[in-house]
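Enquirer: From just these sequences and the hints, can you work out the full model?
Number of protein chains: 2
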Amino acid sequence: MGERLVVIGGDAGGMAAASQAKRRKPELEVVGLGKGSWTSYSACGIPYLVGGVVDELDDLVARTPQEFRDKQRIDVRMGHEATAIDLDARRVEVRDHGHDRTLQLGFDHLMIGTGARPTRPPLPGIDLDFVKGVQTLDDAKVLLDHARDTDCRDVVVVGGGYIGLEMAEAFIERGARVTLVEGGPQVMRTLDADMAAPIHDALVGLGIGLRLGTSAQGFEPGVVHTAEGDVPADLVVLGLGVVPNAELAADAGLTLSTRGSIRVNRRQQTSAEGVWAAGDCCDSKHLVSQRRVHVALGTVANKQARVAGINLGGGYATFPGVVGTAVTKVCSFEVARTGLSETEARADGFEYEVAKIESTTRAGYFPGTKPITVKMLAERGTGRLLGAQIVGEEGAAKRIDVVAVALTAGLTASEAIDLDLSYAPPFSPLWDPVVIAAREAASAVEDELRSG
Amino acid sequence: MGERLVVIGGDAGGMAAASQAKRRKPELEVVGLGKGSWTSYSACGIPYLVGGVVDELDDLVARTPQEFRDKQRIDVRMGHEATAIDLDARRVEVRDHGHDRTLQLGFDHLMIGTGARPTRPPLPGIDLDFVKGVQTLDDAKVLLDHARDTDCRDVVVVGGGYIGLEMAEAFIERGARVTLVEGGPQVMRTLDADMAAPIHDALVGLGIGLRLGTSAQGFEPGVVHTAEGDVPADLVVLGLGVVPNAELAADAGLTLSTRGSIRVNRRQQTSAEGVWAAGDCCDSKHLVSQRRVHVALGTVANKQARVAGINLGGGYATFPGVVGTAVTKVCSFEVARTGLSETEARADGFEYEVAKIESTTRAGYFPGTKPITVKMLAERGTGRLLGAQIVGEEGAAKRIDVVAVALTAGLTASEAIDLDLSYAPPFSPLWDPVVIAAREAASAVEDELRSG
Numbered sequence: 001m002g003e004r005l006v007v008i009g010g011d012a013g014g015m016a017a018a019s020q021a022k023r024r025k026p027e028l029e030v031v032g033l034g035k036g037s038w039t040s041y042s043a044c045g046i047p048y049l050v051g052g053v054v055d056e057l058d059d060l061v062a063r064t065p066q067e068f069r070d071k072q073r074i075d076v077r078m079g080h081e082a083t084a085i086d087l088d089a090r091r092v093e094v095r096d097h098g099h100d101r102t103l104q105l106g107f108d109h110l111m112i113g114t115g116a117r118p119t120r121p122p123l124p125g126i127d128l129d130f131v132k133g134v135q136t137l138d139d140a141k142v143l144l145d146h147a148r149d150t151d152c153r154d155v156v157v158v159g160g161g162y163i164g165l166e167m168a169e170a171f172i173e174r175g176a177r178v179t180l181v182e183g184g185p186q187v188m189r190t191l192d193a194d195m196a197a198p199i200h201d202a203l204v205g206l207g208i209g210l211r212l213g214t215s216a217q218g219f220e221p222g223v224v225h226t227a228e229g230d231v232p233a234d235l236v237v238l239g240l241g242v243v244p245n246a247e248l249a250a251d252a253g254l255t256l257s258t259r260g261s262i263r264v265n266r267r268q269q270t271s272a273e274g275v276w277a278a279g280d281c282c283d284s285k286h287l288v289s290q291r292r293v294h295v296a297l298g299t300v301a302n303k304q305a306r307v308a309g310i311n312l313g314g315g316y317a318t319f320p321g322v323v324g325t326a327v328t329k330v331c332s333f334e335v336a337r338t339g340l341s342e343t344e345a346r347a348d349g350f351e352y353e354v355a356k357i358e359s360t361t362r363a364g365y366f367p368g369t370k371p372i373t374v375k376m377l378a379e380r381g382t383g384r385l386l387g388a389q390i391v392g393e394e395g396a397a398k399r400i401d402v403v404a405v406a407l408t409a410g411l412t413a414s415e416a417i418d419l420d421l422s423y424a425p426p427f428s429p430l431w432d433p434v435v436i437a438a439r440e441a442a443s444a445v446e447d448e449l450r451s452g
Numbered sequence: 001m002g003e004r005l006v007v008i009g010g011d012a013g014g015m016a017a018a019s020q021a022k023r024r025k026p027e028l029e030v031v032g033l034g035k036g037s038w039t040s041y042s043a044c045g046i047p048y049l050v051g052g053v054v055d056e057l058d059d060l061v062a063r064t065p066q067e068f069r070d071k072q073r074i075d076v077r078m079g080h081e082a083t084a085i086d087l088d089a090r091r092v093e094v095r096d097h098g099h100d101r102t103l104q105l106g107f108d109h110l111m112i113g114t115g116a117r118p119t120r121p122p123l124p125g126i127d128l129d130f131v132k133g134v135q136t137l138d139d140a141k142v143l144l145d146h147a148r149d150t151d152c153r154d155v156v157v158v159g160g161g162y163i164g165l166e167m168a169e170a171f172i173e174r175g176a177r178v179t180l181v182e183g184g185p186q187v188m189r190t191l192d193a194d195m196a197a198p199i200h201d202a203l204v205g206l207g208i209g210l211r212l213g214t215s216a217q218g219f220e221p222g223v224v225h226t227a228e229g230d231v232p233a234d235l236v237v238l239g240l241g242v243v244p245n246a247e248l249a250a251d252a253g254l255t256l257s258t259r260g261s262i263r264v265n266r267r268q269q270t271s272a273e274g275v276w277a278a279g280d281c282c283d284s285k286h287l288v289s290q291r292r293v294h295v296a297l298g299t300v301a302n303k304q305a306r307v308a309g310i311n312l313g314g315g316y317a318t319f320p321g322v323v324g325t326a327v328t329k330v331c332s333f334e335v336a337r338t339g340l341s342e343t344e345a346r347a348d349g350f351e352y353e354v355a356k357i358e359s360t361t362r363a364g365y366f367p368g369t370k371p372i373t374v375k376m377l378a379e380r381g382t383g384r385l386l387g388a389q390i391v392g393e394e395g396a397a398k399r400i401d402v403v404a405v406a407l408t409a410g411l412t413a414s415e416a417i418d419l420d421l422s423y424a425p426p427f428s429p430l431w432d433p434v435v436i437a438a439r440e441a442a443s444a445v446e447d448e449l450r451s452g
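Chains as they are written, first to last, in my numbering: chain G, 1 to 452; chain H, 1 to 452.
No lab work stands behind these hints: they were computed from the structure.
Bear in mind that the values here come from a model prediction, so they are computed numbers and not experimental data.
The reader is advised that the hints may include incorrect statements.
As the list makes no split between identical chains, a pair holds if one copy fits it or if it spans any two.
Using 27 Å as the maximum straight-line C-alpha spacing, the simulated DSSO-like pairs for lysine-lysine come out as follows [said to hold, decoys possible]:
| # | residue 1 | residue 2 |
| --- | --- | --- |
| 1 | 356 | 370 |
| 2 | 356 | 25 |
| 3 | 71 | 356 |
| 4 | 25 | 132 |
| 5 | 25 | 141 |
| 6 | 71 | 25 |
| 7 | 132 | 356 |
| 8 | 132 | 71 |
Expert: The structure is reproduced here in C-alpha cells:
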C-alpha cells in the first residue's frame, strides 16, 4: 500500500495543500476530513452575500467536496471531525458525525488546516442563539436569513474591525438599524487613529450608530448590555477577530506560537516530522518586524497551503512571510494598509519619520478623480520603508500593493521615489500618490539626519 | 554677483529642475528660457481635452510663467529661444522673438530641458498646415478647434502608438470619421502581437477605420496618400512617436546617446561639467536590459528633473533608471506594460518562459468584476522577471505597478508568487491576476529546468 496523507480541515489551508500534493504525487492516497458540510469557500464574501451585493450562497463556493473527489481523487469525508492526533502511533481519531461513530485513521503525512474561529469573549449570554460569528457558510445562511427577515430590525455589531464594518454596512443595506459597538477609541485598529477618523464620519453618514469606547458586557434576548446602557438587538454579530483552532495540535504536543497559533517553519512544517500546517491555524513571519505573527487571511492561507502542498508532494518550497497587507471598502471609502502602523512600529522599537499626503486618484483635471490620503512610515537613519496606510475613494486602495512589494524588497523611501509606476491621466496624477508620500518620507528622513 | 543657472526649456524637465535647485539654493539666480508661451503643462492630457473629457485648456496648465516668477523667484522669459550654447565661454545665445533681437546670456550652470517633438518623416506634404503633431498647448488649441468644427469630418491619424490611439478615440467622440493608418502589423508596438489583438477589435468597435500595414506616403490638402489608396482627410494627426530636441546640445559638442538623445550620467549630468539635462531630450538606463534607452514620458521627466535639481542645488541624488512602464485607456480597455516585451527580450539576447493567464479584476462572484489578461516573461534558468503586459477592463491596468516594483527589485517569478498583495472581494480575486501569472511563469521556468 502507498503513502497516505490525512488532511484535517476542509477549507483553504487544508484542501489547497491536498490538491497541490496530489498533483505532484498522484500515487499519494489523500483523505480529507471536513467537520462541516463545505469545503473550499470564500469567507471574505459573506458580508457581500448578507448585504445583497452577491446573490447566491453558492457563488461563494469555490469547490465542492464532490469536485475534490471527482477531479482530484481526494477522498473528502464531510461531517468527519478529527478529535485527537497521536503523533507516535501516526494516527488521527475521527468522529464521524453522520454515522455517530469514532474511527482511527493512520497517516504517513498529516496536513493541519483547521483554520480559526470568531473570538467569543466569556460574557454572560455570549452563547445565546442570536449572537452570531461570521465564519462558515452555515453562519452565512443564518445571517442571510436574518438580513432578509423584515422583523429583524435592530442589529448590533460588536467590534469595529474589517468584518465588523463590512457586516454593519451589509445590514444597513438590508434596511436594518445598526449599532456598532467598539471597545477601543477607533474602528480598524490596524490603522493609526488619524487615518481611521474619516471612516468614523463615513459610518455615521451611512446611518450606523457608532459607539466607540463602548464594550459589550453581556447579552440577553433582544438586548446587548454595555457600560453606557442597553442597546436593543434582534441580532448580534461578532466582529472581534478570530482565534486559531489549534487545540488539537496543542493536545498532540505541537509547538505553539503567537496568539496560540501553530508554529511552522519556512516550509510550513510544524514541530513534528511529517506534520504540516497552513492558513488561519498557524503563524507567519512578518518581513518588516521579523516577528512571528498570526494573520488570518484567505490569501495568506492559500499561499501557505501551496507551499505545504509542494513540500508534501516531494518538492521544495518556502513561504517567506507576510508584510501585513489588508484592504476593505466602507461605503465609498477604500481603506488599505501594509507593513507597520505607528503603534506597531513603536512596539517593535523602531524610530521613524512619518509622511502624510493628500492627492487624487487620477490627474487632478480628469473627470472622476477622487481624493486619496497616503500615510507612510520610514525608518529613521536608514530611510527603509516600514509601512503605509491609504484611505480614499475609487481607485485608491489597490495602490497599497506597490508599498507591499517595496516592503518585501526592503526599499528605502528614497528608492521608492524613482519607481517607474504607470501614468496616464485616467489612472494617476503625474506623481503617483504613493510616490508623493515616499518623497515626503525621504525628505523627513534626510532633514532629521541633517539636523542630528 | 552670485551664481547663475540658465534653464533651456519651459516644460517639465527644465522648470521642475529649476524649482528644485532654487529651493535648495535660494541665492542661485535662475533664468528660464521658454521658446513657446507655456511653461509647465500636461501634454498627456491633450487627447482628453480634444475629446471633450477635459473641459478647458487651462486645466492642463500646471504652473504659469507668472507663478514661477512670483512663487519661486525664477526669471522666466517666454518667447526666448536658445539658439546656441558656447561651453567654453559659458554662455547661451538667445533669440528674443518678442523684441526680435539676439542676446548672449552667461551661465555658471546650465540645465537643458528641451524635450522632444513629434516625428515628422520626410514625406511630400508633411509640412502642410493640416498635418498636426500633438505636443504643445498651441497644438492642443489647434486640434481642439478642429475637433469642435463640424466641418472637420475626416480625420486621419498616422501611427498607432499611445498618442495615436488616444487621438483617434478623441475625434470619434467629437463625431468625426476617423481612419487610423499604421505601417506595422499591429497598433501599440510596445505590446506583443497577441496582446495587441483585442485592441484592434476595440478600435473597430469604436468605429475607427483601422488600416494596418499601411504607411502614409504623402499628403495633399484633403487627402492622405497610401500604398493602398487615398484616404480623405480634413485633418491629419501625427502619432509616430517623438524625437529628442537635442540639436542644440549636439552642436555644442555634448555626447549623444540612443535615438539622438543627450547622454546623461546617473546624476543627470551631460558630458560637460556643470551642464545637466532631464526629460524627453535625454536618455535613461533600462534597469532590466541594462541598456541606455530614450523614454519620453512626463513621469520620467519629472523624476529626472528632481534629481538634476537636487544636484544643481548642491545636493547629491541619482536617477536609477526606468523599467519601461506605460499605460493607456482605449474605450473601455485598459492597457499597460512594463519591462521587456518578447520582441525586446529576444533583441537583448534573453531566453525566457512566457505565462499568459485570464482572470478577473474582482472576486469572480463580485458585481462589476471585469476580465483581465496578464502576460508575464521570466528569464530561463534564473526565473527573474523580465516584463509583463496587461489588457483588461476597469481595474486591470494599474496592477502593472506591482510588476514594475518587482522588476526594480529584481524579483524572480517564484518570489512574486508570495507577494503579500491586498485582497478583498471588491478589489481582487483571492489570487491576484499578477500573482497567478507569476505562478504560471515560475512553473514554466521550473518545468524547463527539469526537462533540461
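Enquirer: Now, for every hint given, state plainly whether the structure supports it.
Expert: Do the hints match the structure? See the list:
{"no.": "1", "hint": "356 - 370", "result": "within (17 Å within a copy, 32 Å between copies)"}
{"no.": "2", "hint": "356 - 25", "result": "between (51 Å within a copy, 26 Å between copies)"}
{"no.": "3", "hint": "71 - 356", "result": "between (50 Å within a copy, 23 Å between copies)"}
{"no.": "4", "hint": "25 - 132", "result": "neither (41 Å within a copy, 63 Å between copies)"}
{"no.": "5", "hint": "25 - 141", "result": "neither (37 Å within a copy, 66 Å between copies)"}
{"no.": "6", "hint": "71 - 25", "result": "within (15 Å within a copy, 69 Å between copies)"}
{"no.": "7", "hint": "132 - 356", "result": "neither (38 Å within a copy, 43 Å between copies)"}
{"no.": "8", "hint": "132 - 71", "result": "neither (34 Å within a copy, 60 Å between copies)"}
Against the hints set out earlier in the document, violations occur for numbers 4, 5, 7, 8.
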